[in-house]
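Chemist: So the chains spell out like this:
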Amino acid sequence: MRTALFWILSVAALAGSIGVVGNVRNPINSALNLVVTMLALAGLYVLLEAQFVGLIQVMVYAGAIVVLFLFVIMLLNLRGSGTAGAEVQPLVKIAGTAVVAISAFFLLRVLSTGRAPWPDVDPSYGTTRAIGEALYTDYVLAVQVAGVLLLAGILAAVVLAKKRLD
Amino acid sequence: MATSTVFVALFIFALVVLVFAPIMTWVERKQSALMQDRIGANRASIGGIKALGLIHPLADVIKMITKEDTMPTGAHPFIHLVSPFIAVTPAMISFAVIPYGGTYDLWGAHFSLVVADLDYGVLYLFAIGSIATYGSMLAGWAGNNNWGMLGSIRVSAQMISYEVALGVTVIGLFMIFGTLRLTEMGMLQQETFRVFGFMEYLGWVEPGTRWIDWITLPMWGIVLQPLPFFMFLTAMMAENKRAPFDTPEGESEIVAGYFIEYSGMKFGLYMMGEWIEVVIISALLTAMFLGGWTLPWLPEERLIAFLSPSFGANIANLLAMLLAVGVFLGKVIVLIFFQMLVRWSMPRFRYDQVMNLGWKILLPLSLANIVLTAVGILVVKGVTGR
Amino acid sequence: MGDISPFQFQVVAALIFMVGVVGVLTRRNVIVMFMCIELMLNAANLSLVAFSREVGDDQGQIFAFMVMVVAAVEVAVGLAIIISLVRNRDTLNIEDASQMKW
Numbered sequence: 001m002r003t004a005l006f007w008i009l010s011v012a013a014l015a016g017s018i019g020v021v022g023n024v025r026n027p028i029n030s031a032l033n034l035v036v037t038m039l040a041l042a043g044l045y046v047l048l049e050a051q052f053v054g055l056i057q058v059m060v061y062a063g064a065i066v067v068l069f070l071f072v073i074m075l076l077n078l079r080g081s082g083t084a085g086a087e088v089q090p091l092v093k094i095a096g097t098a099v100v101a102i103s104a105f106f107l108l109r110v111l112s113t114g115r116a117p118w119p120d121v122d123p124s125y126g127t128t129r130a131i132g133e134a135l136y137t138d139y140v141l142a143v144q145v146a147g148v149l150l151l152a153g154i155l156a157a158v159v160l161a162k163k164r165l166d
Numbered sequence: 001m002a003t004s005t006v007f008v009a010l011f012i013f014a015l016v017v018l019v020f021a022p023i024m025t026w027v028e029r030k031q032s033a034l035m036q037d038r039i040g041a042n043r044a045s046i047g048g049i050k051a052l053g054l055i056h057p058l059a060d061v062i063k064m065i066t067k068e069d070t071m072p073t074g075a076h077p078f079i080h081l082v083s084p085f086i087a088v089t090p091a092m093i094s095f096a097v098i099p100y101g102g103t104y105d106l107w108g109a110h111f112s113l114v115v116a117d118l119d120y121g122v123l124y125l126f127a128i129g130s131i132a133t134y135g136s137m138l139a140g141w142a143g144n145n146n147w148g149m150l151g152s153i154r155v156s157a158q159m160i161s162y163e164v165a166l167g168v169t170v171i172g173l174f175m176i177f178g179t180l181r182l183t184e185m186g187m188l189q190q191e192t193f194r195v196f197g198f199m200e201y202l203g204w205v206e207p208g209t210r211w212i213d214w215i216t217l218p219m220w221g222i223v224l225q226p227l228p229f230f231m232f233l234t235a236m237m238a239e240n241k242r243a244p245f246d247t248p249e250g251e252s253e254i255v256a257g258y259f260i261e262y263s264g265m266k267f268g269l270y271m272m273g274e275w276i277e278v279v280i281i282s283a284l285l286t287a288m289f290l291g292g293w294t295l296p297w298l299p300e301e302r303l304i305a306f307l308s309p310s311f312g313a314n315i316a317n318l319l320a321m322l323l324a325v326g327v328f329l330g331k332v333i334v335l336i337f338f339q340m341l342v343r344w345s346m347p348r349f350r351y352d353q354v355m356n357l358g359w360k361i362l363l364p365l366s367l368a369n370i371v372l373t374a375v376g377i378l379v380v381k382g383v384t385g386r
Numbered sequence: 001m002g003d004i005s006p007f008q009f010q011v012v013a014a015l016i017f018m019v020g021v022v023g024v025l026t027r028r029n030v031i032v033m034f035m036c037i038e039l040m041l042n043a044a045n046l047s048l049v050a051f052s053r054e055v056g057d058d059q060g061q062i063f064a065f066m067v068m069v070v071a072a073v074e075v076a077v078g079l080a081i082i083i084s085l086v087r088n089r090d091t092l093n094i095e096d097a098s099q100m101k102w
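Residue numbers (our numbering), protein chains in the order written: chain S, 1 to 166; chain F, 1 to 386; chain B, 1 to 102.
Treat the hints with caution; some may be incorrect.
Straight-line distance between alpha carbons at most 20 Å, and here's what the computed SDA-like set of lysine to any residue pairs gives [to be verified]:
hint	chain 1	residue 1	chain 2	residue 2
1	S	K162	B	D90
2	F	K360	S	L5
3	B	K101	B	T91
Rough simulated footprint, nothing fancy, chain S against chain F, three-plus residues with beta-carbon under 8 Å [what the hints assert, rightly or not]:
hint	stretch
4	114–123
5	367–377
If you are wondering where the hints come from, they were derived from the structure by calculation, not from laboratory data.
Think of the CB as a built atom: it goes at the ideal place given N, C-alpha and C, for glycine as much as any other residue.
The task is simple: from the sequences and hints, build the whole structure.
Modeler: Now the structure itself:
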C-alpha cells in the first residue's frame, strides 16, 4: 500500500513539475500544475510520517502561496500587459542540466549506502505536539527571527506594490 | 473498526447531502418569507398536494439537471468543467473529522462516531479550507468574462484574508484544551467548573462552603472563550462567502460575480457546496464551542452507568449513542437557523468594509485574546495547579 | 515502510530540483520563473524531510518548516517586485529588463 502510494505521489509530483515548466501558452496552467505538485509533495510528507509539515505544506504552499500567484496573474492579465513573447527552449541548456543530473545521481548512489533503512521512531514523531515543543524550547530564537522576517516581508510587499501618488 | 467508519461516512453523506441541503433551501425560503411578512414559494405541487412548499427542492433539482450546460467561447474547457468539483470537494471531505458522538461498545463492537479521529483534526479543516479558495477563484477566470474576473479577484482576496483570522481566533481555545483532536475536545467539554471558586482562593469565604459547589458551569468553549466564538463565526461566514459577506456573488452589483458563466447542474454544485459549508460551520462550532454531542451537566459515563442496571449495557450504550447524535444534530440545526437569520437581517457589506473587518478588527482582537488567554491560564494554573 | 529505500525519495527530490533548474534557465515569463524557484525550494524540503525520517530525528522537519516560512516571505516580496516591474515596463518578458547588462 505504501509502495503504491509512493509511486503514485512521486509520479504526480514529477508530472506536475514538468507541467509547470512545459506550459508555454498560459501561466495559469503552470500555476495549477504547481498546485498538483504541492499536494503530491504534501502526500509524500505524510507518507514520511511528517504530519505537521505535510499539513503546513497544504495550508501555506498550496493554499496561500499559489493562490497569491494566481491572484497576481489574474491582476496582470486584467491590465492587459500581455503574455511573454516567444519562449525559447534552447537544447543546450536542457542537455547541460541533464548531464549534471546524471552525475549527481551517481554521486548520490555512492553516498547513500551503509545505513539502516528506516529506523523505528516513537509515535510522537512529527506530531504537532513534538514539533511545537521543539520549536518553542530549542529553536525559539529561530521562531522569533521568523516573526521579524515576516514583518519585514509584509512591510516590503506593501511598500513595493503601492501605487505612487504623483 | 473499519465497518463503523463506513457506516458513519454513509450516514453523514445520506444525512447532509441528501437531506440537509435540499431542506435548507426550503427553510431559507420559508424563513425569509416569515421574516419579511410574505408567504414564500408555494407553487410546486405533485398532484395537487403542496406540502407547505417542500416539493420545491425537488423541483429545483429537476430544473437544474435539465438545463442546458453552456460553455462560453474563449473559456478554458478543462478548468470550466472542473471548478465546481473543486468547490464542492473540500466541503464534503471536511466531514471526515467531525465527531457525532463518542465511542460506544455495542455487542462487542467498538463503535466510534467519527470517520477519522486525526491527531491534528482542526488543522486538517484549516488546510482543506484553504484549498476551497481555488473552486471560486478559477470559476470566474475560466469563464472568460470581465465580471467573472472581478468576482474572482474579490473572492480570493476575501477568502485568504479571513483564513488568517480563522486560524488565529481559535488558538486560545487550543491553549486551554491542549489538544487539536475534536473528539478529545468533546470529552473535555463535559467537565464542569465552579463559577465562584475564586472566592475560596481569595479567602473571602471559608473552604468547604456548600453553595459554591452547586453553582457550576460546563466547560464549554463558549463559556471559556465567548468573544472568539463570535469572531470564529464571523470569520467562517466570511470564508464561506455567506451573507452579509457575499460581495463576490453580489447579485445586484456584479451580476452574480464569479459564477456568471455557469448554468444548470454546475451552478447547482456551487450552491450545494455553499449549503454543505453552512452545515460544516455549524458542526465545527458545535464540536469546539458548544459542547459537541453532550448535554450540559450530564457527562456520558454517568448516563451510561445510570441506565445500565435497568436496560443492560448494550442498550444503554445504544440509547446514549442515539442521544448523542440527536443532541449534536439539534445544536447544528440551531446554528444553521441562526446563520440564515443573519443572512436575511443584514445588508451586504461593502468590499472595503469586509477587508477592514478582517484585517483591522478581527486580527488585533484575536491576537489580544491569545495574550489574555495565556495570562488567564497561567493564573489558574498557579492557583489551582490544574 | 515497505520496500521503498530512502534513496528513492532523494531521487524524486533531485528530479524535481532538476526540472526547476531547467525551468529557471529556459523560461522567459517572470512569473513562471518564480514558480520554478518555488519548485526548487520544495524539492529541497522533500529531501530534508526524507533525511529527517531516515535519521529518526525531527530537526529536519523544523528546518523544512523554517524553509517554508522563508519561502512565503520571498513569494510575497517577489510578487510585489514583479507587480512594480510590470507597472513600469508593461511586459512580463524578463529579456526586456536587461538594462543593467553589459
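Chemist: Which of the numbered hints above does this structure break?
Modeler: When the structure is compared with the hints, numbers 2, 5 turn out to be violated.
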